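Asker: Residue strings, one per chain:
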Amino acid sequence: MDTITTKLSSEEIFSLMKQFITEVIGEEFVEEMDITPESSFTKDLEMDSIEIVSFSEKIKAHFGDQIDFTGWLSSMDLDQLINLNLGMIISYIEECQS
Amino acid sequence: MSKFLFVVPPFFGHISPTLSIGASLLARGHEVKWLGITPLAKVHLPEGGEFIYPEEDLAEYADEIQRILKRQDDGPTCSGPEVMKLALEETYVPFAKMMMKGLNNLVDAWKPDVMINDCITFAGALSAHLKGIPSVTTTPVPPDVMGDTANSAPKIFEWQQNLIKGLQREVGIYSDDIHIHSHKLNMVFTSQAFAGFEEKPPHMHFVGPVKGRPNLAPFDWERLSKATTPKVFVSLGTLLVDIRKEFFQKLINAFENQPVTIVAATNPDIFEKWPDNFIVNGFVPQSELMPQMDAVICHGGFNTVNDTFTNGLPMLITPIAYDHFHTAKLIEQAGCGVSIRYKRLRISDLRNTVFELLENPKYRQAAQKIKETFIEAGGNDKAVQLLEDFAEVHRVVDFDSPLA
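Keeping their order, the protein sequence lines are chains A and H. Residues 1 to 98 (our numbering) are what the first sequence spells out, left to right. Residues 1001 to 1404 (our numbering) are what the second sequence spells out, left to right.
Think of the hints as simulated: they come from the structure by calculation, not from any bench. Model, not experiment: these values are computed from the prediction. Do not take every clue at face value.
As the list claims (entries may be wrong) - Straight-line distance between alpha carbons at most 25 Å, and here's what the computed DSS-like set of lysine-lysine pairs gives:
hint, chain 1, residue 1, chain 2, residue 2
1, H, 1165, H, 1101
2, H, 1165, H, 1184
3, H, 1101, H, 1131
4, H, 1070, A, 43
5, A, 18, H, 1343
6, H, 1245, A, 43
7, H, 1382, H, 1211
8, H, 1329, H, 1085
9, A, 43, H, 1155
10, A, 58, H, 1329
11, A, 43, H, 1131
12, H, 1200, H, 1382
13, A, 60, H, 1329
14, H, 1250, A, 43
15, H, 1111, H, 1131
16, A, 43, H, 1329
17, A, 18, A, 43
18, H, 1343, A, 58
19, H, 1097, H, 1111
20, H, 1155, A, 60
21, A, 7, A, 18
22, A, 43, H, 1085
Unchecked claim - Pulled a few chain A residues facing chain H out of the computed Cβ check, cut under 7 Å:
hint, residue
23, 42
24, 43
25, 44
26, 49
27, 72
28, 74
29, 77
30, 78
31, 81
32, 82
Where a beta carbon is used, it is the ideal one built from N, C-alpha and C, also for glycine.
Take these sequences, add in the hints, and give me the full structure.
Answerer: Laid out in structure tokens, this is it:
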């Protein structure tokens, strides 16, 4: 798959992440959630490991090798994983793009 | 004849297989005791066995034990990493510390030949190590539920190691090796094929499901015999009290007036009225009931999973927390059922999946294959043989005895 080389703004990354989340967990479950950059990945979005894997795959398919999302996740300790929110993912993707 | 001591946690799913093996050991003439951190009702105990709850040695922890038990209700609302913390740091490690005193006292007084600790009840293996008694571990769930953290999540691996080594130092074991499980014999109550292990460590033995623990729960067999539609057994296990009502409401919405008979194991008090095609009992004779069923719905409690595939039935698994997700993955890999995560469970999917399981023979065929691997694993006979051989090989010479 072609990788996107144009830099995305944080708003664009946010809406892309929302799209991925919707694809992974299903529209009707997303409707009940208020997704914001503060949304915690595991607590608010209630993503389990299988869903996180398919979310990672979507990031990989979209951004290609410029972003090692799985590697980034695996370097975290438990508290970092518990506190992981969408905003942190957006900043990480922004950093990788620069 | 040998003296076997089981060391168990306050969770019935983990105690249950030890009661079945204990019953077989007692029948062979061995002496068997259990030690736990909460009392166990006498009806569950095989005849001739003794359950020891060292109340005096645990007295100072009484409030803390209750708090930790209550905390388990938070499990279903916790995320994966939070559950890891809840389990290891907030439950297993503190329980192990609390159990040491009473356990060491019993070991000194009774001098068991073999100590058998459940996999989350570290005190058993730690005490055995301290006292120089041969130890065995029992594992009711398919192992490796936390995955290969050493490579995939080094910081989480380090956290686990630090917690365990901290516990070991606190009980007086100053070694860099891990002693919370037996390195010599670990009996797992499933088959190697179902657990998805291509290779296994030499000390790990997959003995398959075990049975035979006392279960005197009454049941209205006559009502069941009158049911003409396919029978679906539903269980949520003994934990997960808080979400019970919500779960069974979904079930009612999905199956009220549908051509199935739902046999549910849950306290009927949660609703005033149940639909006519629901047979609901607080406690059921599950292993006698299961051969009469056509499919099973459960969250992934391991004893129900074993009862299901022992009878070659297809399963809808709705994983909620803990190791349920790992079990769900194994079921999908084996093709003997379908997994829908509880938090993403739609009523229509619940209904459609159950009818798919009943009508499409491929699930039942895959379940039959798992059944065969369970039978080959050997069950109670294999477990008893492993334990007797282990006791024989590791018999400790009693240097205090005048004959030694």
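Asker: Hint by hint, say whether it matches the structure.
Answerer: Each hint tested on the structure:
1. 1165(H) with 1101(H): 18 Å, holds
2. 1165(H) with 1184(H): 20 Å, holds
3. 1101(H) with 1131(H): 13 Å, holds
4. 1070(H) with 43(A): Within the cut-off at roughly 20 Å; holds.
5. 18(A) with 1343(H): With Cα atoms ~19 Å apart, residue 18(A) and residue 1343(H) stay inside 25 Å; holds.
6. 1245(H) with 43(A): Given pair residue 1245(H), residue 43(A) holds - Cα atoms ~22 Å apart, limit 25 Å.
7. 1382(H) with 1211(H): 12 Å, holds
8. 1329(H) with 1085(H): 22 Å, holds
9. 43(A) with 1155(H): Measuring from Cα to Cα gives roughly 20 Å; hence the hint holds.
10. 58(A) with 1329(H): Holds: residue 58(A) and residue 1329(H) sit about 21 Å apart, inside 25 Å.
11. 43(A) with 1131(H): Given pair residue 43(A), residue 1131(H) is violated - Cα atoms ~43 Å apart, limit 25 Å.
12. 1200(H) with 1382(H): Distance ~17 Å between residue 1200(H) and residue 1382(H) Cα, so the pair holds.
13. 60(A) with 1329(H): With Cα atoms ~23 Å apart, residue 60(A) and residue 1329(H) stay inside 25 Å; holds.
14. 1250(H) with 43(A): Satisfied, since the Cα-Cα distance of roughly 23 Å is no more than 25 Å.
15. 1111(H) with 1131(H): Measuring from Cα to Cα gives roughly 9 Å; hence the hint holds.
16. 43(A) with 1329(H): Holds, because 22 Å separates the two Cα atoms, which is no more than 25 Å.
17. 18(A) with 43(A): 16 Å, holds
18. 1343(H) with 58(A): 22 Å, holds
19. 1097(H) with 1111(H): Given pair residue 1097(H), residue 1111(H) holds - Cα atoms ~21 Å apart, limit 25 Å.
20. 1155(H) with 60(A): 23 Å, holds
21. 7(A) with 18(A): 18 Å, holds
22. 43(A) with 1085(H): 14 Å, holds
23. 42: 3 Å, holds
24. 43: For residue 43(A), the interface hint holds, since the closest Cβ of chain H sits about 5 Å away, which is under 7 Å.
25. 44: It is violated, given that the least Cβ distance between residue 44(A) and chain H is near 10 Å, above 7 Å.
26. 49: Holds - the Cβ of residue 49(A) comes within 7 Å of chain H, reaching about 6 Å at its closest.
27. 72: Status violated, d = 12 Å.
28. 74: 5 Å, holds
29. 77: Holds, because the Cβ-Cβ distance from residue 77(A) to chain H comes to roughly 4 Å (cut-off 7 Å).
30. 78: This hint holds: residue 78(A) lies near chain H, its Cβ roughly 5 Å from the closest one there, short of 7 Å.
31. 81: Residue 81(A) check passes; min Cβ-Cβ to chain H is 4 Å, inside 7 Å.
32. 82: 5 Å, holds
Of the numbered hints given earlier, the model fails hints 11, 25, 27; all others are met.
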